[in-house]
Amino acid sequence: MSASAQPGLLWRLSVNRSAAGGAVLLALILALAIIGPLLWPGDPWEMAAPPMLWPGEDMANPLGTDVMGRDLAAGLVSGARVSLMIGLVSTLIAAGIGTLFGALGGFYGGSVDAVLMRVTELFQTVPSFVLAVVLVAVFRPSVATAVLAIGIVSWPATARLVRAQFLLLREREFVLAGETIGMGTPRLILTQILPNALPPVIAMSTLTIAHAIQTEAALSFLGLGDPNVMSWGTIIGGGREQLAEAWYVCGLPGIAVVVTVLAFNLLGEGLNDALNPHLQRR
Amino acid sequence: MHRRDLMTGGFALASLPAIAQPTAPVRGGTARIVVEEPPILTSAFITTMNIGMVSSKILEGLVSYDLELKPVPALAESWETSADGLRTTFRLRQNAKWHDGQPFTSADVRFTLLEVWKKLHPFGRAVFANVTEVETPDPHTVTVVLSAPALYLFNYINTYGAQILPRHIYEGTDILKNPANSAPIGTGPFRFKEWTRGSHLILERNPDYWQAGKPYLDGIIFRFIPDAVARSVALEAGEIDVTIGSQIPVTSLRRFSDASKYTINTDDGRFLASIFLAQINVRRPHLGDRRVRQALSHAIDRAALVRLVWQGYGKPATGPIPSSVAQYYHRGNPQGFDPRRAEQLLDEAGLRRGADGKRFRINLVSGSGNSLESNRAGEFIKQSFARIGVDLELIIEDSAAYLRRVYTDGDYDIMTSSLHKLPDPTLGVQRLYWTQNIIRGAPWTNGSGYSNPELDRIMEQAASEGDLARRRALVNRWQEIVQEDAPILDLVELTWTTVSTARFRKERPQGDGMFAGLEDAWLVPAR
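Chains as they are written, first to last, in full-length UniProt numbering: chain A, 1 to 282; chain B, 1 to 527.
Everything labelled a hint here was simulated from the structure, so no lab data went into it. Don't take every hint at face value.
[Said to hold, decoys possible] Away from chain B, derived, C-beta distances all over 10 Å, residues of chain A:
# : residue
1 : A33
2 : A60
3 : V112
4 : R118
5 : A157
6 : R170
7 : T180
8 : L207
9 : V261
[Claimed, not checked] Here are some, though not all, of the chain B residues that point toward chain A, as calculated from beta-carbon distances under 8 Å:
#  : residue
10 : A228
11 : P249
12 : S252
13 : L308
14 : V309
15 : R376
16 : E379
This one's a predicted model, so the numbers in the text were calculated from it and none came from an experiment. Every residue gets a Cβ at the ideal spot worked out from N, C-alpha and C, and that includes glycine.
Between the sequences and the hints, there should be enough to build the whole structure, so can you do that?
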């Protein structure tokens, strides 16, 4: 089934304007992250130029320098890698936890489901950003704690989605058939239900990545970023006090965050449309 | 007259803005000043700076300090010390009155010294440790009797260090809980009127002030604006007149560089003699070796640090005493920027570069409550160390965890902090190096674990030396020893900025201007 669905999905994505737009933007950002360091070699932390140089003022630093004379172009490129990495890893964590909770709850139902969903609700009722701030502040701010915190606050939505899918698929004939021929529970979940429940999870995870990148930027803005790593949020946080004198220090990485988040959102929406059979038939 | 003279003269006149011409003080007007909101309004037993910035307008000390940090009469008219250095007599103002009408007398000074400063003030305990008796032969004479000479005493008796409280309000009460702490009754130029917490605090003119004709201002309104950007905007919009205590971030100061509109005073905080420093934990591997500490010192370009992080507001530090403390500053032999020498020293210490170009890895701990500049300086130091092959991990902890890590657990390699060295090394510097001050769990003590019996002896001798020349010689030797041993890398002599509109004037420049009474301040009327 999957072999025949793949070309169909790609085709559906390519004709979906938002998905195609998102994919192109994302490809550009990825290219920047990968080949950028070749164009702007050198340490993004190097304080080599005069501080607060405006973009275009000196072509040695085409995008200007921050408050301590660090090249913004090098910082943005380094930030692209860090921000994308943080978005991906924290989304993997969120998807992992969410899928586990949703799958078990949806499959077993009853009291298991009740307990798991109460836990999920507990996390849903606390504002996710506040929880992330608390988690990072309690542990020491670093890339690892930021990734973990964002993962921990982002999983409930995935859990709900997976649970709904499982409740739906649990009663379908092919699952019952599998049960009848004596498949064990893990096999049933992993080989029968999960593959069919995943497409919307993937669409959702794309949106989670966007949210994670935003959250990391916000955490760094509040001074809860990793002081050893140059992410977009780090640059924004460092430029915050000079907003009136040198807005571009916050503005350029801010634009980078907006574009990246937009790319992931477009792609996520497109995936959602492409994967949703009801919408497709319309 | 030459033509050139005419031209330059004309130019000077034309470029001199009308407002900057010397003007005679004007009576009237209310100054709107921004400070960080203080928890209480009495500095007599607590060193919190923003308390001092407000309370100094209401309560006074025996002296204030000029730009050279020499004492200037305040409530004490004059003073003299006996030849053996054991008796110091202060003559007090005869016409000073408390805000409730009671006369100010020697009994107030005796009470505050013995019951408040000596017992409750964190530094006062050390400053007045040698005081055995306070004699009050008449209402306007106080004689302080000492068990050993204490020259440092004269360097900490302004309204911030030793604020005089009214005996008739405080005697027999729980001093720390006295309601007057939040609604003080003082002798100062301004009387407390109203405090709306979270918003503002109003002081009004004291009509019975002992300096005839002063204060010039009708009153002062202190406003509390927590956001730095909002403070800059308020000053630009003319909603406030003055910000005290570096309330405008250094990176925003260029917006106030037009001297016809604004004044940036960088002398008001000389008294605090603050230095941004990196303290090294000498108990850690490698860091116990003096050569390694010297190498780290040689790795840091202090001039670039001042330029990049403090935007030029500050001075490269050369040793434990800042150059503004002219009486005791000694340049000695600073371990300044010399990366080649640094690498050489590390090689000699057997810490050669590995295959990856790195020698060893250490961490640098700072507090999230520290200034923005301090965290930026951490990034600067990391870059500096990377160039000599030392890998530095930056760790930012919240304030409590930072203090615990440094002073209780000793779990750090390097820490950064901005510390007040004060105008006397016995008060502000000895605490950081003295072996007896290695006290587990006590913040701002000797947290590096450095111990040098020779230096201990010199510091103890300096404390009780009554002859200024001999004391200076001891303090010079002291500075040379800690430069050589480098348990603490003194990096930047910090500048405290008072940013005001150019309309705000003050007759007398003060080294402790952050804690000035402002009886001599006025506002040039707007035209």
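Okay, the hints, checked on the actual structure:
With a cut of 10 Å on Cβ distances, A/A33 stays outside the contact zone with chain B, its closest approach being about 22 Å. Look at A/A60: its CB is around 17 Å from the nearest CB on chain B, clear of 10 Å, so calling it non-interface holds up. Non-interface call for A/V112 relative to chain B: holds, since the shortest CB-CB distance, roughly 39 Å, exceeds 10 Å. A/R118, annotated as away from the interface, keeps every beta carbon of chain B farther than 10 Å; the closest lies near 32 Å.
With 10 Å as the threshold on Cβ separation, the claim that A/A157 sits away from chain B holds: the shortest Cβ distance comes to roughly 30 Å. Every Cβ of chain B is farther than 10 Å from the Cβ of A/R170; the closest lies at roughly 47 Å, confirming the non-interface assignment. No beta-carbon of chain B comes within 10 Å of the beta-carbon of A/T180; the shortest separation is about 58 Å. With a least CB separation of 31 Å from chain B, A/L207 remains clear of the 10 Å interface cut-off, as annotated.
Separation of A/V261 from chain B is adequate, the least Cβ-Cβ distance of about 25 Å exceeding the 10 Å criterion. The criterion of a C-beta within 8 Å of any C-beta in chain A is met by B/A228, whose closest approach is roughly 6 Å, and the hint holds. Annotation: B/P249 was flagged as interfacial toward chain A, and the flag holds, the nearest CB pair being 5 Å apart, inside 8 Å. The restraint placing B/S252 at the interface with chain A holds, with a minimum CB-CB distance near 6 Å, inside the 8 Å limit.
The restraint placing B/L308 at the interface with chain A holds, with a minimum CB-CB distance near 5 Å, inside the 8 Å limit. Interface restraint check for B/V309: the shortest CB-CB distance to chain A comes to about 7 Å, inside 8 Å, so the restraint holds. The restraint placing B/R376 at the interface with chain A holds, with a minimum CB-CB distance near 6 Å, inside the 8 Å limit. Interface hint status for B/E379: upheld, as the beta-carbon distance to the closest one in chain A is roughly 7 Å, under 8 Å.
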